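**Q** Using the sequences and the hints given, assemble the complete structure.
Here the sequence shown is numbered in this note's numbering, starting from 17 and rising by one per residue.
I should point out that these hints are in silico values taken from the structure, not numbers from a laboratory. These figures come from a predicted structure and were not determined experimentally. Each residue gets a CB set at the ideal place from its N, CA and C atoms; glycine is no exception. Among the clues, some could well be false.
[As the list claims (entries may be wrong)] Capping the alpha-carbon separation at 20 Å, the derived lysine to aspartate or glutamate pairs in DMTMM-like fashion look like this:
(1) K198 x E144
(2) K198 x E158
(3) K198 x E183
(4) K198 x E149
(5) K198 x D142
(6) K198 x D211
[To be verified] Here are the computed distance ranges between Cβ atoms for each label pair:
(7) R67 x A118: 17 to 23 Å
(8) D117 x E183: 49 to 55 Å
(9) R187 x R99: 39 to 45 Å
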Amino acid sequence: MRSAGPVRALCRDESRPGRLRGHWWAVMLQERIVLGEVVGAHGLHGQLRVRITGDAPDHLLAAEFVWLGRTATDPEARRYAVRGGGAGRAGEVRMRLEGVDARPAVEGLIGLLVSTPADWLPALPDGEFYWYELIGCQVQSESGTPAGTVREIWETGAHDVLMVEDEEGLRRLIPTAAELMKEIDLERRRIVVADLPGLLEPI
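**A** Rendered as structure tokens:
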């Protein structure tokens, strides 16, 4: 299984179905997806330090334009042309944006989220999924027991975790270990997990 894409993909194949890799807040909202957060300035001439929320910073750096706002749906988010960038500290990239030419200008952007349209992300091979595609999917066991809707995806170490919430507000945490993820059907917006005692117990 391979990680792919700027938000890290859920990658499945017949031998190892269901491994999930990625960040916990990569969700698509109104057709834009958050790929990073401005965390500081680099130097005096307007370079931004952007903390990446995925595993493929090259896709963010390859974008022609990015949007900076408080959220992915921020109506006041501003579009910037990308004028260059490169690798930064661990987990970061440096970006240069049109119109941002000095350190004080960068400091005014700290804390803003960096997003791009979801349809700008490169297509993945069959059986691989971006995180945002799983948000909103219904989860059930192989025997048909409903668990709820995927609300968030958490990165926890050994296995990332689906945070699933049902209609009563009860939450369940489902690890994405290969032996637990049995089917992912994006057309039906459905994820089927193994029948395992205790797996669907609410937290």
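**Q** So, for every hint listed, does it hold in this structure?
**A** We went through each hint and held it up to the structure:
1. With a CA separation close to 14 Å, the supplied pair K198 and E144 stays within the 20 Å bound.
2. Only pairs whose Cα atoms come within 20 Å are accepted, and K198 paired with E158 is accepted, the gap being roughly 8 Å.
3. Annotation: proposed proximity of K198 to E183 is violated, straight-line Cα distance about 23 Å (limit 20 Å).
4. Taking the CA atoms of K198 and E149, the gap is about 17 Å. The hint holds against a cut of 20 Å.
5. Our distance criterion of 20 Å between C-alpha atoms is met by K198 and D142, whose separation comes to about 16 Å.
6. Of the pairs offered as hints, the one joining K198 and D211 holds, with about 10 Å between alpha carbons and a cut-off of 20 Å not exceeded.
7. Between R67 and A118 the beta carbon distance is about 21 Å. The supplied range of 17 to 23 Å therefore holds.
8. Take D117 and E183: their Cβ atoms lie about 51 Å apart, and the range 49 to 55 Å holds.
9. Against the hinted window of 39 to 45 Å, the Cβ-Cβ separation of R187 and R99 comes to about 43 Å, which satisfies the hint.
Hint violations for this structure: number 3 only, all remaining hints satisfied.
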